[in-house]
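Residue numbers (numbering that gives the first Met the number 0), protein chains in the order written: chain A, 0 to 300; chain B, 0 to 300.
Please keep in mind that the hints were generated in silico from the structure rather than gathered at the bench.
The reader is advised that the hints may include incorrect statements.
In this list, chains with the same sequence are indistinguishable; a pair is considered to hold if it fits within one copy or across any two.
In silico BS3-like links for lysine-lysine, alpha-carbon gap of 30 Å or less [said to hold, decoys possible]:
(1) K1 to K82
(2) K95 to K116
(3) K177 to K37
(4) K177 to K99
(5) K60 to K261
(6) K1 to K95
(7) K128 to K82
(8) K37 to K99
(9) K1 to K60
2 protein chains.
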Amino acid sequence: MKTNLDCIPCFTRHTLEAARTLNLNDADAAQLMIDVIKLILRLDWQQPPPVMARDIHRLIKTQTGNSDPYAPHKQHTTQTALKLLPDIQRIVREAKQPFKMAVRFAIAGNAIDLGAKTMNQIDISAIFKSAQHAPLDDTAVNRLEAQINAARNILFLADNAGEVVFDLPLLEWIGPQKVTVVVRGEPVINDAVMEDARRAGICERFKVISNGADTPGTWLADCSPEFVRAFSAADLVIAKGQGNYETLNDAAHNLFFLFMAKCPVIAEDAGVPLQSYVVIDTLSRQNQKMNETYPRQNVSR
Amino acid sequence: MKTNLDCIPCFTRHTLEAARTLNLNDADAAQLMIDVIKLILRLDWQQPPPVMARDIHRLIKTQTGNSDPYAPHKQHTTQTALKLLPDIQRIVREAKQPFKMAVRFAIAGNAIDLGAKTMNQIDISAIFKSAQHAPLDDTAVNRLEAQINAARNILFLADNAGEVVFDLPLLEWIGPQKVTVVVRGEPVINDAVMEDARRAGICERFKVISNGADTPGTWLADCSPEFVRAFSAADLVIAKGQGNYETLNDAAHNLFFLFMAKCPVIAEDAGVPLQSYVVIDTLSRQNQKMNETYPRQNVSR
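So here's chain A without its partners, still in its complex pose (with noise of 0.2 Å):
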């Protein structure tokens, strides 16, 4: 999904954002979005919005010092979710549907994303409470189970570092046997690496492998090359987040997508009110895309 010119003046709030979240003076603050400004004017627009998200937060920690700003946020969330997860995994046991309670928290997880709220904006209790009823698309639930219990080598992009506490349940419901966890290779904005995922007891539980990227996403390109041989052997793939969703939503696999509908132009992109709990697989867009393009005909017989 390429950037929509709704993202630029996106880009320059998030970088104010970013420098309230960080302390700066307005002094610095102002620099820092001069200079994000003048990058953003070198910057190709046709690029996924992670992909320009990227250098602008390389950018930010070259210009701060601190190669991983969100560090206490991180730490923050994941002890704040970490507090909720007896609570979160006995509701799901007890659940009527416990995969789609699994489901449902797993997608309350994504609102802790600093890419597209501030720290103040996030109530890991809201969110909690929010979650345990909140409307979901059966259908494709039901298509999410089918595929997890049919597939052999599940791969588990994970988003936030304190969303992947949310995200064990429906982990644990898949088992460790035939899914790997996904985190990225390096601190950006407030994704999850192997140190958020190991303060969330993922590591020692899961198979957890990095990405070896510093992408608020998923961008084949910037990956290593182990990642993307594990990525192509994936029989499935389930992606948290819309920075996942931007960049690989025009994947040829079999990808689901769980999110929460935060931003304007990806809700528009899939289809979804804002604020939605988003659950859309690629090969039924496709299939949906083909009957949009050739739409079936009601032949009389």
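Starting from the known structure of chain A, fit chain B onto it as the hints suggest.
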């Protein structure tokens, strides 16, 4: 009020909305955004936002080869508001407190602001309905009423086309003998110029003058000497809209601002919640600041 860092993303967002309002194709919209971003880098960020907006809209007008790009929207909102005018006038006439109701409608009309909203976000019927019960600061309204009664020479700084129709009951309450209405000298966004006042039926009943400038506010350095003389000579200035607040809120003059707080930066500066109907006067604000600086002593006697 100088430009806040939050205004910078907003200028880029606003440029994109302008491009869409003007039906530019994606390539032209992207080029306009690039040119505006380059301009923003050259501008002095210490100026009030409307002074930066003046330069941005000069560029938009030059680039689109259209000196009044919002003309169709201005005519549309004026016509729509004129259809509601008899109802507005009747409601004000029949209200228990006609002055307060006239102030309410004048502020409600300030929602017709393409500097703060997109055309799709402006619903004039909804504005009309919500106006009648909007909460107002009674003390400030009473101060305004007393000041109007005491004044002999009132300058009324109008804001947007369409909005000026909503101003009519307040202007009628003041009466044509002691009020002069001021419009912008040249088109900028949907701000009212002489032609818009004429279409609204203001010119045939009130003295209307131009401020000689193309700033979406009242930046005295930009205005004609005739207007600056009229401004200095007025014993009361009523200034409509956010742009006038941003450019005049530090002026040492007997000024009342009437606007709807549509922007978080302005709402914070004025100390009100977003979407509030705001009546603020400079003199009581200055007294308040004096009291904050030199708090009254509780002297025991």
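How the hints compare with the structure:
no.	hint	in the structure
1	K1 to K82	neither (38 Å within a copy, 44 Å between copies)
2	K95 to K116	neither (32 Å within a copy, 46 Å between copies)
3	K177 to K37	neither (45 Å within a copy, 51 Å between copies)
4	K177 to K99	within (19 Å within a copy, 70 Å between copies)
5	K60 to K261	within (25 Å within a copy, 34 Å between copies)
6	K1 to K95	neither (40 Å within a copy, 57 Å between copies)
7	K128 to K82	within (14 Å within a copy, 47 Å between copies)
8	K37 to K99	neither (45 Å within a copy, 49 Å between copies)
9	K1 to K60	both (24 Å within a copy, 29 Å between copies)
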